[in-house]
Amino acid sequence: MTEKATRLIQLTPTRQDVRIAWLAALAISLHILESAVPMPLPGIKPGLANIVTLFTLLRYGLSEAIWVSVIRVLAGSLIIGSFLTPTFFLSLAGMSASIGMLALFYHSPLKPGPIGYSLVAAQAHISGQFLTAYFLFIPHPGMWNLLPFLLSFAIVLGVLNGIITRSLLRRLQ
Amino acid sequence: MRYLLLILLASQGLTACSPAPQEHRDTLYVFGTLVEVTQWGVNDTEAAKTLKSIETDLNFMHEAYHAWKPGSLGRVNSLLSTTSRFTANTSLLDLIAESKDLSHKSDGLFNPAIGKLIGLWGFHQDEMPLGPPPTLIAISTLLDKHPSMADIRIDGFYMQSRNPAVQLDLGAIAKGYALDKITEGLATEGRSNLIINAGGNLKVLGTHGDRPWRIAIRHPRNNGVLAALDTQSGEAVVTSGDYERFFDYRGKRYHHIIDPRSGYPSTGTMSVTVVDKNGALADAASTALFIAGAKDWQRIARQMGVTQVLLMSSDGTVYVTPALKDRLTFTTPPARLIVSATE
Amino acid sequence: MNRTDLIILGLSLALIVGLFIRTFHPHEDGAYAYIRSDGASVQRVDLHHDQIIRVKGPLGETVFEVNAGKIRFINSPCPNKICIHSGWHDAAGDFAACLPNRVTLEIKGSTSSYDSLSY
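Protein chains in written order, with my numbering: chain A, 84 to 256; chain B, 52 to 394; chain C, 2 to 120.
Hints are computed from structural coordinates only; laboratory data are not their basis.
Values in this document were obtained by computation on a predicted structure and should not be read as measured data.
Accuracy of the hints is not assured; some may be wrong.
As the list claims (entries may be wrong) - Label pairs and their computed distance ranges (CB to CB): (1) B:D195 / C:H49: 54 to 62 Å; (2) C:I22 / A:G183: 22 to 30 Å; (3) C:K57 / B:A189: 35 to 43 Å; (4) B:P121 / C:S114: 42 to 50 Å; (5) C:R23 / A:S191: 21 to 29 Å; (6) B:T380 / C:R23: 17 to 25 Å; (7) B:R272 / C:I54: 20 to 28 Å; (8) C:S114 / B:Q73: 14 to 22 Å; (9) B:P121 / C:I22: 51 to 59 Å; (10) C:K57 / B:R301: 48 to 56 Å; (11) B:Q73 / C:R23: 32 to 40 Å; (12) C:R55 / B:L187: 25 to 33 Å.
Backbone N, C-alpha and C fix where the C-beta goes; we use that ideal spot for every residue, glycine too.
Same shape as in the complex, but just chain A (with noise of 0.2 Å):
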């Protein structure tokens, strides 16, 4: 038996990464808590985690609400126990949809309210939960019934998101 050197790497975080841990530890639990609560129906969430995206974005800039988000989704399937299922996939689907739409929209020169912002996320996320079930799980045309709905609670939650981070941001200033 021979010793065998051990190295050991030092990681300084930064008061930034403590506090895209914080806001994703954060995001996760919002996320897990919803989970827990049951809706009336299938397929609607408030997507509570997405006040917290958005929060960070208007906060702290594009780069850490997307480092939060992709956290969220790939450590809360981990915890969950999702990682790698259809749940996990559409949960990335719909975060990448958000996140892209709100990048968009975040360097456009229209910049929308916390309320817009929240509608655009709301409806990119659903939209791209939507597209990925459709294409990869059940490409069935009847699917197309239920968009509508779909889209009708995500302006619904995108507007009362939206409000609830624009008090939080109001509050913490």
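Guided by the hints, dock chains B and C onto chain A, whose structure is given.
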């Protein structure tokens, strides 16, 4: 989302069904139109045999009843114009006698004696005419001669017209009559589960296995289905519509259902469907009721003895008799539906 | 709420209304097309399999294009080209014909709701 998928799968029910092997569908081009024959519960050999006999019969009748090609009716028409007595083919005599009776009951709205007028409008050719429409003078010259089925006298094998202007065009009854005769023949031979659809006029025999044959009625405007019904064996479903044969000239549409009173294409109706066991009656009545229109169709239907009628007028209102309404499933809900009895 | 937010909300609502109308106007998506031509057996065409279909008629060749659940006439040797002008067909019950070339097209849904059509 996971639950959503499950519910979807359950509710949509993966009901992908392929056509059963016992069903045969074939198309023939006879009688100047596409004829579709749907057969149930027969093997390939029997199906081909039935198809062949239908084709032979339809070809024979088409030759006999054709309004503008040389044939039995062509001979009758040239002899009618002489106003002298002549003998006619029995297969035609029966049809002409029935046309005479139905024309009378329809108050002349179904008038097969206006062959010249139909020809004047250019509908005596396989292709759609290109226009222009005939002149008012040409139309009124023909109308003034009042060609009518009442001018024809049938006496045994003899026929005679007292009006040289009478020229027969049996286009509004021949298909229905032919379908009656052919299905009668097939039924006696025990070939009893089929639909013959001759250019949209159809007759059913038997059933599709353990369910009735289901027939859809075309919506006159949107290319889709207006309603559907389950049929009983021996029923004919005949539709007359302004979209079947027409030409556009200088932005105006002229269709093939000519009102014998005005000499012009009948206005106010888009389509009429009549369901009856007598295919010839259904065929003639669909034309007569089309011309009668929303105001007068009930009276004419009562006189002709048809009880299952659907009429869509130009404003999109659907008029239907209670007897037919109970059997219909509307796929395109009409804007306005009026149920009116003929009794 | 700023102006951009209002515009986004307005567009979102318009999208929903449009989708509801699109989804619930009464029509069933077609799954198959029946192409009938003179003498030949009826061709049953799967609308979810993109393809070009050629059918012989007395005047020549009528050509159909199938694309993503819909079908149209793209060429036919008839004088008026009514069949080509009728455009795409995707709803069950749709019916179009090129009578001069004796070819008809009928769309059926996956749950074929009827056996024959009176027109």
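Status of each hint after checking the structure:
1. B:D195 / C:H49: 54 to 62 Å: holds (60 Å)
2. C:I22 / A:G183: 22 to 30 Å: This hint holds: roughly 28 Å between Cβ atoms.
3. C:K57 / B:A189: 35 to 43 Å: Taking Cβ atoms as reference, K57 (chain C) and A189 (chain B) lie about 40 Å apart, which means the hint holds.
4. B:P121 / C:S114: 42 to 50 Å: Hint holds: Cβ distance 43 Å, inside 42 to 50 Å.
5. C:R23 / A:S191: 21 to 29 Å: Since the Cβ atoms of R23 (chain C) and S191 (chain A) sit about 28 Å apart, the hinted range of 21 to 29 Å holds.
6. B:T380 / C:R23: 17 to 25 Å: holds (23 Å)
7. B:R272 / C:I54: 20 to 28 Å: holds (27 Å)
8. C:S114 / B:Q73: 14 to 22 Å: holds (19 Å)
9. B:P121 / C:I22: 51 to 59 Å: holds (55 Å)
10. C:K57 / B:R301: 48 to 56 Å: At 35 Å between Cβs, range violated.
11. B:Q73 / C:R23: 32 to 40 Å: Holds: the Cβ-Cβ distance is about 38 Å, inside 32 to 40 Å.
12. C:R55 / B:L187: 25 to 33 Å: Distance hint for R55 (chain C), L187 (chain B) is violated at roughly 46 Å.
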